[in-house]
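Enquirer: Put chains B, C, D, E and F on the given structure of chain A with help from the hints.
Residue strings, one per chain:
Protein chains: 6
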Amino acid sequence: MRLSTRNQLPGTVVSVTTGEAMAVVKVRLDGGEHITSSITRDAVADLGLAEGSKVTVLVKSTEVALGVED
Amino acid sequence: MRLSTRNQLPGTVVSVTTGEAMAVVKVRLDGGEHITSSITRDAVADLGLAEGSKVTVLVKSTEVALGVED
Amino acid sequence: MRLSTRNQLPGTVVSVTTGEAMAVVKVRLDGGEHITSSITRDAVADLGLAEGSKVTVLVKSTEVALGVED
Amino acid sequence: MRLSTRNQLPGTVVSVTTGEAMAVVKVRLDGGEHITSSITRDAVADLGLAEGSKVTVLVKSTEVALGVED
Amino acid sequence: MRLSTRNQLPGTVVSVTTGEAMAVVKVRLDGGEHITSSITRDAVADLGLAEGSKVTVLVKSTEVALGVED
Amino acid sequence: MRLSTRNQLPGTVVSVTTGEAMAVVKVRLDGGEHITSSITRDAVADLGLAEGSKVTVLVKSTEVALGVED
Numbered sequence: 001m002r003l004s005t006r007n008q009l010p011g012t013v014v015s016v017t018t019g020e021a022m023a024v025v026k027v028r029l030d031g032g033e034h035i036t037s038s039i040t041r042d043a044v045a046d047l048g049l050a051e052g053s054k055v056t057v058l059v060k061s062t063e064v065a066l067g068v069e070d
Numbered sequence: 001m002r003l004s005t006r007n008q009l010p011g012t013v014v015s016v017t018t019g020e021a022m023a024v025v026k027v028r029l030d031g032g033e034h035i036t037s038s039i040t041r042d043a044v045a046d047l048g049l050a051e052g053s054k055v056t057v058l059v060k061s062t063e064v065a066l067g068v069e070d
Numbered sequence: 001m002r003l004s005t006r007n008q009l010p011g012t013v014v015s016v017t018t019g020e021a022m023a024v025v026k027v028r029l030d031g032g033e034h035i036t037s038s039i040t041r042d043a044v045a046d047l048g049l050a051e052g053s054k055v056t057v058l059v060k061s062t063e064v065a066l067g068v069e070d
Numbered sequence: 001m002r003l004s005t006r007n008q009l010p011g012t013v014v015s016v017t018t019g020e021a022m023a024v025v026k027v028r029l030d031g032g033e034h035i036t037s038s039i040t041r042d043a044v045a046d047l048g049l050a051e052g053s054k055v056t057v058l059v060k061s062t063e064v065a066l067g068v069e070d
Numbered sequence: 001m002r003l004s005t006r007n008q009l010p011g012t013v014v015s016v017t018t019g020e021a022m023a024v025v026k027v028r029l030d031g032g033e034h035i036t037s038s039i040t041r042d043a044v045a046d047l048g049l050a051e052g053s054k055v056t057v058l059v060k061s062t063e064v065a066l067g068v069e070d
Numbered sequence: 001m002r003l004s005t006r007n008q009l010p011g012t013v014v015s016v017t018t019g020e021a022m023a024v025v026k027v028r029l030d031g032g033e034h035i036t037s038s039i040t041r042d043a044v045a046d047l048g049l050a051e052g053s054k055v056t057v058l059v060k061s062t063e064v065a066l067g068v069e070d
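Residue numbers (the UniProt record's numbering), protein chains in the order written: chain A, 1 to 70; chain B, 1 to 70; chain C, 1 to 70; chain D, 1 to 70; chain E, 1 to 70; chain F, 1 to 70.
Keep in mind that the hints are not guaranteed to be accurate.
In silico contact screen, one side only, chain A against chain C (beta carbon under 10 angstroms); selected entries [stated by the list, open to error]:
1. Arg2
2. Leu3
3. Thr12
4. Thr18
5. Ala43
6. Val44
7. Leu58
8. Val68
Honestly, the hints are just simulated from the structure, not real lab data. Predicted model only: the values in this text are computed from it and were never measured. We put the beta carbon where it would ideally sit given N, CA and C, even for glycine.
Chain A on its own, in the form it takes in the complex:
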């Protein structure tokens, strides 16, 4: 499936912290940066996410803000 989602970055899961309802997944991008994702606990289970999982980070362009140094 091709997505309208403009931002798709390949990476590898480095940690998964699971709560009762939500989970926080940290990903190291292939470019070296780290990304944090907050998804449901169910999504972690359904995708079988764990340290070392290869993933694509997906971010809709309307969710991307920009900052500039003064």
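Expert: Chains B, C, D, E and F only, in chain A's frame:
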């Protein structure tokens, strides 16, 4: 100002497309990937964004989805 | 690719309104309801979206609010 | 109150999973599809959400991505 | 309708800028601050929004980031 | 750093509820209104947020919906 926003990636603006209300800004991350941001036309003007502007890409973790190959 | 995105609903594009930067796409879900999506003009072009296109509507669970009648 | 929110779909709560801070609510739309919503634990308590609650699912159009099959 | 949306602030529209697809609406909160909202052109038309319209600003808690001064 | 984020409102933290993965932070705006923010547990720790912390509430304009009374 330090931000709760987990994802902060440095980059450089490569293009700005401006509509009446909104604008689309494309950024090349220092890591080599490209990111698209949809912000208001006013924000582009206030920050003085143009090709070559140094920016930080900001994404809240709740906005980050993940995909895995089948 | 399997997605963490919890909400994936099949439908058909009924209209595309394109601005300079953004576009609004209306979709009739197979269940009969209508959905409006605001995506970039570039995404519409890349996916070749037009009236009649078969699509999957994707919504992250953190973006879903709920209302109850008083 | 009438809302700018373009997407308003009627449904019934089928499950509520509550964590310390957040909760995940699953809703069966009247059209038959299922939707997952991540809201605060406080919102669940304030609205009195439980299995069987009649709700309206609300999604802002800027939060709706689209996919097309290859 | 009561909403799960935690943040509901009363205000008055001070300007509406309309593009082909999207619109930007500026609101002065009763508390004196100003808020900018990006919604579809259709939503502006459906709600009949214009300078002076009384509105409630609605923001889901998952969309609220925080900053602290260094 | 100056931000594209249109909505920046000063306030004071009144409570922090921390779960395993996520946290909910309530803020009293200087204008008197209250705002709820759902951020990661890590963000709360990194910013050292606690009752009495001075913060800026940040909301991207694409996340702001509007309602009008019938």
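Enquirer: Evaluate each hint against the coordinates.
Expert: We went through each hint and held it up to the structure:
Checking Arg2/A against chain C: minimum C-beta separation of about 6 angstroms stays under 10 angstroms; hint holds. Annotation: Leu3/A was flagged as interfacial toward chain C, and the flag holds, the nearest CB pair being 7 angstroms apart, inside 10 angstroms. With 10 angstroms as the threshold, the beta carbon of Thr12/A stays out of range of chain C, its nearest partner Cβ sitting at about 15 angstroms, so the hint is violated. Because the closest C-beta pair between Thr18/A and chain C is about 13 angstroms apart, greater than 10 angstroms, the hint is violated.
With a least beta-carbon distance of about 4 angstroms to chain C, the hint placing Ala43/A at the interface is held under the 10 angstroms criterion. At its closest, the beta carbon of Val44/A sits 8 angstroms from a beta carbon of chain C; the interface hint therefore holds under the 10 angstroms criterion. Hint on Leu58/A holds. Least Cβ distance to chain C is approximately 7 angstroms, under the 10 angstroms limit. Given hint, Val68/A at the interface with chain C, is violated; its Cβ is 20 angstroms from that chain's nearest Cβ, farther than 10 angstroms.
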